[in-house]
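For chain L, the structure is supplied; the task is to place chain W with the ligands on it using the hints.
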Amino acid sequence: METESRNSAVSLDGVVKTYRLGEPVHALDGVSLEVPRGSYTAVMGPSGSGKSTLMNLIGCLDTPTEGEIFLDGQDVTRVSDRERTRIRGEDVGFVFQTFNLMPRLTARENVALPMVFRGIGRAERRERAAEVLDSVGLGDRLEHRPNELSGGQRQRVAIARALVNDPALLLADEPTGNLDTETGEQIMDLFEELYERGNTILMVTHERSIAEHAERIVHLLDGEIERIEQLSGVGR
Amino acid sequence: MKLLESLRISWRAIRGHKLRSTLTTLGVIIGIAAVITFVTLGAGLQEGIVGDISPDDQRNVYVWAAPPENSGQGPLAGAQPVFTQRDANQAANLSGVEDAYVYTPVPGQSVTYGNETVARQSGFIATGAGYLDDDEIADGRRFTGGTVDPENGTLEVVLNPAMAGLFEQNVSVGDTLTLGVFQGLQVEVTVVGILEDSESRSAFEGFGPSPRLYIPADFQLIGGVGEQPRYIAMVAEAPTRSDADIDQVKQVTEQYLTGPDSDAGERAASQDLAFELQTSTELIGQLEDVLNLLQNFVVGIAGISLLVGSIGIANIMLVSVTERTREIGIMKAVGAQRRDILGLFIVEAVILGVLGAIMGTALGLLAGYAVSGYIGIPWVFPARWTAVAIVVGIAVGVLAGLYPAWNASRTDPIDALRYE
Ligand SMILES: Nc1ncnc2c1ncn2[C@@H]1O[C@H](COP(=O)(O)OP(=O)(O)O)[C@@H](O)[C@H]1O
Ligand SMILES: [Mg+2]
Numbered sequence: 001m002e003t004e005s006r007n008s009a010v011s012l013d014g015v016v017k018t019y020r021l022g023e024p025v026h027a028l029d030g031v032s033l034e035v036p037r038g039s040y041t042a043v044m045g046p047s048g049s050g051k052s053t054l055m056n057l058i059g060c061l062d063t064p065t066e067g068e069i070f071l072d073g074q075d076v077t078r079v080s081d082r083e084r085t086r087i088r089g090e091d092v093g094f095v096f097q098t099f100n101l102m103p104r105l106t107a108r109e110n111v112a113l114p115m116v117f118r119g120i121g122r123a124e125r126r127e128r129a130a131e132v133l134d135s136v137g138l139g140d141r142l143e144h145r146p147n148e149l150s151g152g153q154r155q156r157v158a159i160a161r162a163l164v165n166d167p168a169l170l171l172a173d174e175p176t177g178n179l180d181t182e183t184g185e186q187i188m189d190l191f192e193e194l195y196e197r198g199n200t201i202l203m204v205t206h207e208r209s210i211a212e213h214a215e216r217i218v219h220l221l222d223g224e225i226e227r228i229e230q231l232s233g234v235g236r
Numbered sequence: 237m238k239l240l241e242s243l244r245i246s247w248r249a250i251r252g253h254k255l256r257s258t259l260t261t262l263g264v265i266i267g268i269a270a271v272i273t274f275v276t277l278g279a280g281l282q283e284g285i286v287g288d289i290s291p292d293d294q295r296n297v298y299v300w301a302a303p304p305e306n307s308g309q310g311p312l313a314g315a316q317p318v319f320t321q322r323d324a325n326q327a328a329n330l331s332g333v334e335d336a337y338v339y340t341p342v343p344g345q346s347v348t349y350g351n352e353t354v355a356r357q358s359g360f361i362a363t364g365a366g367y368l369d370d371d372e373i374a375d376g377r378r379f380t381g382g383t384v385d386p387e388n389g390t391l392e393v394v395l396n397p398a399m400a401g402l403f404e405q406n407v408s409v410g411d412t413l414t415l416g417v418f419q420g421l422q423v424e425v426t427v428v429g430i431l432e433d434s435e436s437r438s439a440f441e442g443f444g445p446s447p448r449l450y451i452p453a454d455f456q457l458i459g460g461v462g463e464q465p466r467y468i469a470m471v472a473e474a475p476t477r478s479d480a481d482i483d484q485v486k487q488v489t490e491q492y493l494t495g496p497d498s499d500a501g502e503r504a505a506s507q508d509l510a511f512e513l514q515t516s517t518e519l520i521g522q523l524e525d526v527l528n529l530l531q532n533f534v535v536g537i538a539g540i541s542l543l544v545g546s547i548g549i550a551n552i553m554l555v556s557v558t559e560r561t562r563e564i565g566i567m568k569a570v571g572a573q574r575r576d577i578l579g580l581f582i583v584e585a586v587i588l589g590v591l592g593a594i595m596g597t598a599l600g601l602l603a604g605y606a607v608s609g610y611i612g613i614p615w616v617f618p619a620r621w622t623a624v625a626i627v628v629g630i631a632v633g634v635l636a637g638l639y640p641a642w643n644a645s646r647t648d649p650i651d652a653l654r655y656e
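So the protein sequences, as listed, match chains L and W. Just so you know, the first sequence maps onto residues 1 to 236 in this note's numbering. Just so you know, the second sequence maps onto residues 237 to 656 in this note's numbering.
These are calculated hints, taken from the structure and not from any lab test. Cβ atoms here follow ideal geometry from the backbone N, Cα and C, with glycine treated the same way. Please note: incorrect hints may appear among the correct ones.
[Claimed, not checked] Listed next, with one range per pair, are the computed distances between beta-carbon atoms:
#	chain 1	residue 1	chain 2	residue 2	range
1	L	Glu124	W	Gly609	48 to 56 Å
2	L	Asp134	W	Lys254	32 to 40 Å
3	W	Leu255	L	Glu193	42 to 50 Å
4	W	Ala631	L	Gly151	42 to 50 Å
5	W	Lys254	L	Glu143	16 to 24 Å
6	L	Glu131	W	Arg646	28 to 36 Å
7	W	Asp651	L	Pro46	21 to 29 Å
8	W	Ala619	L	Gly119	31 to 39 Å
9	L	Glu124	W	Lys254	26 to 34 Å
10	W	Asp651	L	Gly14	22 to 30 Å
11	W	Leu255	L	Glu124	33 to 41 Å
[Claimed, not checked] From chain W, some residues computed to sit far from chain L (all C-beta separations above 10 Å):
#	residue
12	Asp335
13	Asp369
14	Ala480
15	Asp525
16	Val526
[Unchecked claim] Cβ-to-Cβ under 7 Å is the rule here; a few derived chain L residues that face chain W:
#	residue
17	Asn56
18	Asp62
19	Gly89
20	Asn100
21	Met102
22	Phe117
Bound conformation, chain L alone (with noise of 0.2 Å):
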């Protein structure tokens, strides 16, 4: 266990994530995972099965009540606030179901926002955003505001401010939830091309045909791990 998770990206032991309003909620009972490098999951189950709990834990946005998160190697269960935010702005890039882009910035100072809070200047912020916009196909949308978008543009830009740190991980929590088909399937593309450079990316989805773009899917059942299916690539 100890040498796996140093090799793997993410790397889960017993994690239990418990809310108590009331009756307790068992969030997440007890989940080990390995997730290695440059791998593409899928996490599937039904709603309320702990999906974006298990995203948000590792994204170190949340804290589990139980068990340890290894990241690279490094225990983020144990670590202070300020590196938990450290991680969350330059490791992990997040991608959100309903985007989470700052209403009053163009898309280009959306991407660039994690680079602000690096120290990076701002001439480089801009440079680096635009190179990353481009690549997602928004090279001629710098200046829009998110309102001035469609939903597969935003998810793009949250795509693009997601990578701008270049992070070793991907976490997406539904990110074609909000987008029809067509605009799901260009946005998987993506995702593609992102795995093919030898990112890690751990995906969460309740749609099969999503799903399969993964090497392997990860089913949840209330807060547990059902089953672990491996993909033979021919759905991708």
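The following block gives chain W with the ligands in isolation, referenced to the frame of chain L:
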């Protein structure tokens, strides 16, 4: 995150709510504008007064009698008519006293020149010839005083240029005027001199240029029948403005006034009045004390306004933090540290505070400039207070922003992202 970055982001947030931000800073604007206006006026007033004391004036000792509780309230505060012309004559003969003369404001109604009449509610100044100096007279000479025969129009008066200019055709030396005085009495007077400027001649007259007409103190004779007239005040001149000479004048004058020989002493004793003997410099010191008190009062009121202003900013910052919970969540999710968020909101509050301070200062300077021009005192740029205003603006911002920013910095990213 660098300060410049915080400034940029915060400035955008403020610009996104122009009206709200302006209204929020109103309390600060009003508070600072009030302070700046009043310190400008106060400084101008002080400079106006101090500028009014000529070296010649500095050797004058001003004397009046007032109830002890009026002591320290400024020139002529509570003064009662106790002095006689004889007191002034006696005082002038005391050793070390160069000259002495009475002084009293005469209630007036109007001045007529030809067929033109102007109202003069503020009255005239009745005093001795020594009150005006020859070298202050631009045209003509001082009045000689002495016995007056008002029926023959031989009463001599001196005008200042502001007074002379009240009429369509400027009054000049040799012209005859008709003064409307108490009880409807009309008196013909002859202009014998025009002063070089319209400044105040002594601390008794108030400050700044205004139209004034000087008449001999004997003029009072027409008011009282039989009884010796009593005057409100007396001026005793020392030969030089050295402290020793002035102290000598004060000492002998007070000795005389409180002694058995003086008319004033008898009346003052019967009315429980105390004599005040002050130089212009001392009087101005007292006036400045009063001014400072007034200024402190205004600054206190403005302080309350500033407090209300900071509560306003704090309130709007709390609203702003709540409104932007989701944005805070996003920023935290992409790597904003607590201190980044803290800095962002404090900077926003400070911008509001400083903006209010700058606008308030501008408004205050403008108002101070306009009012000092209007009431005729010099305009003084309150450099120190302008700097203080900006510092106060920053302090107000920090104070008002602290709690909301701290709240924002502790926002949990997960909760914030879920916030609708
Ligand atoms: N902040 C929270 N407080 C209380 N219960 C929560 C909270 N977040 C999630 N849950 C509960 O945890 C369970 C898992 O939620 P979630 O991970 O969002 O599921 P999924 O993303 O798979 O739909 C659900 O039963 C949900 O109600
Ligand atoms: Mg979910």
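Structure versus earlier hints, numbers of those that do not hold, lowest first:
Hint check: nothing fails, all pass.
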